[in-house]
Amino acid sequence: MTAPLRIGNASGFYGDRFDALREMLTGGELDVLTGDYLAELTMLILARDRLKDPSAGYARTFPRQLEECLGLAHERGVKIVANAGGLNPAGLADAVRELAGRLGVPVRVAHVEGDDLTARYPGSLAAHAYLGGFGIAACLREGADVVVTGRVTDAALVTGPAVAHFGWAATEYDRLAGAVVAGHVLECGTQATGGNYAFFGERPPGDLLRPGFPLAELHEDGGSVITKHPGTGGFVDVGTVTAQLLYETGGARYAGPDVTARLDTVRLTQDGPDRVRIDGARGEAPPPTLKAGLNRLGGFRNEVVFVLTGLDVEAKADLVREQMTGALATSPPAETRWELVRTDRPDADTEETASALLRLVVRDPGQEAVGRALSGAAIELALASYPGFHVLAPPGKGAPYGVFEDVYVPHGSVDHVAVLHDGHRIRVGPPHDTTAVAVVPEPEVPEPPAPGPVRHAPLGLVAGARSGDKGGNANVGVWARDDDAWRWLAHELTVERFRELIPEAAALPVTRHVLPRLRALNFVVEGILGEGVAAQARFDPQAKALGEWLRSRRLDIPEALL
1 MTAPLRIGNA
11 SGFYGDRFDA
21 LREMLTGGEL
31 DVLTGDYLAE
41 LTMLILARDR
51 LKDPSAGYAR
61 TFPRQLEECL
71 GLAHERGVKI
81 VANAGGLNPA
91 GLADAVRELA
101 GRLGVPVRVA
111 HVEGDDLTAR
121 YPGSLAAHAY
131 LGGFGIAACL
141 REGADVVVTG
151 RVTDAALVTG
161 PAVAHFGWAA
171 TEYDRLAGAV
181 VAGHVLECGT
191 QATGGNYAFF
201 GERPPGDLLR
211 PGFPLAELHE
221 DGGSVITKHP
231 GTGGFVDVGT
241 VTAQLLYETG
251 GARYAGPDVT
261 ARLDTVRLTQ
271 DGPDRVRIDG
281 ARGEAPPPTL
291 KAGLNRLGGF
301 RNEVVFVLTG
311 LDVEAKADLV
321 REQMTGALAT
331 SPPAETRWEL
341 VRTDRPDADT
351 EETASALLRL
361 VVRDPGQEAV
371 GRALSGAAIE
381 LALASYPGFH
391 VLAPPGKGAP
401 YGVFEDVYVP
411 HGSVDHVAVL
421 HDGHRIRVGP
431 PHDTTAVAVV
441 PEPEVPEPPA
451 PGPVRHAPLG
461 LVAGARSGDK
471 GGNANVGVWA
481 RDDDAWRWLA
491 HELTVERFRE
501 LIPEAAALPV
511 TRHVLPRLRA
521 LNFVVEGILG
531 EGVAAQARFD
541 PQAKALGEWL
551 RSRRLDIPEA
561 LL
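Mapping of the sequence shown onto the working numbering: residues 1 to 562, in sequence order.
Please keep in mind that the hints were generated in silico from the structure rather than gathered at the bench. Quantities reported herein were computed from a predicted structural model and do not represent experimental measurements. Virtual Cβ for every residue (Gly too), placed ideally from N, Cα, C.
FRET-style restraints, in silico, Cβ to Cβ:
1) 483 / 275: 19 to 25 Å
2) 341 / 450: 38 to 44 Å
3) 539 / 415: 39 to 45 Å
4) 4 / 305: 49 to 55 Å
5) 210 / 288: 42 to 48 Å
6) 3 / 171: 20 to 26 Å
7) 366 / 15: 28 to 34 Å
8) 447 / 527: 31 to 37 Å
9) 424 / 200: 44 to 50 Å
Make a model of the complete structure from these sequences and hints.
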């Protein structure tokens, strides 16, 4: 039997811990080290970089990380696979070759291209298809030591090396699904090792100060064990892996360009300290289309935060709201949003804790309506408004904001190519079989617990949650840690109850997906993030804390669970 493939992760986003590459290379045995640098917002940032400099468009931290680690990776025989190429994978590959030559490290550098669809969508700053892992696999099979890509799925950084190592065919869907699940757990780095974890307070002091990065021991049958290097911080247990499995997902069918993984078939088992076994993943043929992300300029935005201190907070807010509305009436912005955040406390012993914040956000296709008009109106109120008038910072001239949109294109319309170290190009064809993604019928759930005494308490005492964004939508994954809590949660947390607890979702489409093997519910809230993170339509524009808000809400919980 082929030995397990040890795949580590050293980056969950552009800006993650700089030293992680070295930490993973020196902390223990690895075969492949991956780095995920891309997100919806990152593509917009890189697009703006490319507007200023056509040779830019990739994660500039990646070559700097390699400068001190490329020789170490070569000595240890560790392949490096990263999507740090962003909008310019060929440019990054050239930069890595130049670096290797300067360092005298004889590595072969390849890249994957074909994801860039910007020319097809006039007016977009960046339009990129989410490619799968078979281009990465082709590069590795041909001897590449470093593979850089543009926009591939996050999980492709794991499926590609797995296909190359185990020789899987494109139709071995269960094995591919297992690799996708492992890749999804690894992709956000330390979120799998205790970072951002709902029950962090149960860990010993200092345990989570510097979590280690995760790795997967991937087996030929697609099963895996999620773990981390010995002696590193954080922890890996069924809870941390469950949380990451639910992150930024939707229904039971998790569709990708290589395979549709069935999350409702996944089993998690604690396999020792800091070891969680994942098995049972089933796969189906991928959908007939590829997802592509479009980033475009949405207009200009600006904001000002008024500080309201002491008594009569509501009246002060009403006054300045009326004054600003009148001052902007001549040429009002296309969109105006006010939000009063009651951070104040009665009889407070510091001025800061006696103050509330009134946030005004404006958007408009033109800069003038949100720039000088807003700043002039706000500044002119300095001596003519509510008592104690001041702002956190004076408004600026207005800044451009981006809008993210999903579109779907046929597999065959994208020229997926592996470009080898010698310039040879290998075209990666579309999948032979595809299947449209259908909703999985809601599975049966266990009988509810017998009636008994209840206590009005926060949901988070008995359930964990993790939330995130996909364009303008948010998902909130909620899980129970034992069977008794699951029996209650599955019946109590309906869509109707979710809307009661999260009033922002009351008028929005909400879908509940049930995952009994994970003892989890996954809620998808459509439109809660407006036009996506770059538009910053919401206080928490990526819905990172939406799950924690849900956990803080109170409802009647059986005392037996508390």
